[in-house]
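Asker: These are the residues of each chain, in order.
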Amino acid sequence: AQSVAQPEDQVNVAEGNPLTVKCTYSVSGNPYLFWYVQYPNRGLQFLLKYITGDNLVKGSYGFEAEFNKSQTSFHLKKPSALVSDSALYFCAVLLTYSGAGSYQLTFGKGTKLSVIP
Amino acid sequence: GAVVSQHPSWVICKSGTSVKIECRSLDFQATTMFWYRQFPKQSLMLMATSNEGSKATYEQGVEKDKFLINHASLTLSTLTVTSAHPEDSSFYICSAPDSSDTQYFGPGTRLTVL
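Those protein sequences? They're chains R and F, same order as listed. All the letters of the first sequence, read from the start, carry residue numbers 713 to 829 under our numbering. All the letters of the second sequence, read from the start, carry residue numbers 572 to 685 under our numbering.
In isolation and in its complexed conformation, chain R is listed as follows:
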């Protein structure tokens, strides 16, 4: 079965420290992987994606993620956390591609990041 997992419901990190939000996936073929962030009472915002190419992907707000094929992981990272980074983070994998411009994403359950001042 194809799936994406976020093993941590919550991650707490002190402001200024590096942060990591974990994501692992299980898909057949080459995965398209995404990270989204959701602030309270808001919709999701795109952070970054991996389609092909360099394993280290840089995205919005200083976030980056490393695609690791052998470990089937796509962990989200940031060198120095800000209080404003506190939000809900979703990892997603593209499961189907119809070739007609339609894409469906399957999401992990989400990880709540709390950055402590």
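Hints in this document: simulated from the structure, not taken from any laboratory. Please read all numbers here as calculations on a predicted model, not as lab measurements. Hints are supplied without guarantee of correctness; some may be wrong.
[What the hints assert, rightly or not] Here are the computed distance ranges between Cβ atoms for each label pair:
no., chain 1, residue 1, chain 2, residue 2, range
1, F, H656, R, K789, 36 to 44 Å
2, R, I828, F, E634, 37 to 45 Å
3, F, Q631, R, G741, 38 to 46 Å
4, R, P752, F, H578, 16 to 24 Å
5, F, L645, R, G774, 29 to 37 Å
6, R, N780, F, S654, 45 to 53 Å
7, F, L597, R, I828, 32 to 40 Å
The beta-carbon is built from N, C-alpha and C at its ideal position, and this holds for glycine as well.
Let chain R serve as the given structure and place chain F on it in line with the hints.
Answerer: Same frame as chain R, but now just chain F:
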């Protein structure tokens, strides 16, 4: 980046009434849009795929007659919750993909059914 809007952002209605939610891609065309539902503190659940010019494709367990989807144009999809009941109260989010394999999400619509 691309922008997707939703209207309304928050709606409160009485049980038994119908509510229409609009999803618009503002600066790009989308032949396909997606509708999600999010329960508190949970991930998104895909409800249906909205296809311009054809019928929507619903996920298993989603009632077609209750959640009516119309993809009227390349920039507009609507979700109508018919005969809403309190258990339909939720956060509804739409998304649309651009030409670079990236989906952009609307800000969401919070539906409260009294």
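Asker: Each hint should be assessed against the structure and marked as holding or not.
Answerer: Consistency of the hints with the structure:
{"no.": "1", "hint": "H656/F <-> K789/R: 36 to 44 Å", "result": "holds, 43 Å"}
{"no.": "2", "hint": "I828/R <-> E634/F: 37 to 45 Å", "result": "holds, 43 Å"}
{"no.": "3", "hint": "Q631/F <-> G741/R: 38 to 46 Å", "result": "violated, 23 Å"}
{"no.": "4", "hint": "P752/R <-> H578/F: 16 to 24 Å", "result": "holds, 20 Å"}
{"no.": "5", "hint": "L645/F <-> G774/R: 29 to 37 Å", "result": "holds, 35 Å"}
{"no.": "6", "hint": "N780/R <-> S654/F: 45 to 53 Å", "result": "holds, 48 Å"}
{"no.": "7", "hint": "L597/F <-> I828/R: 32 to 40 Å", "result": "holds, 37 Å"}
Hint compliance for this structure: hint 3 alone is broken.
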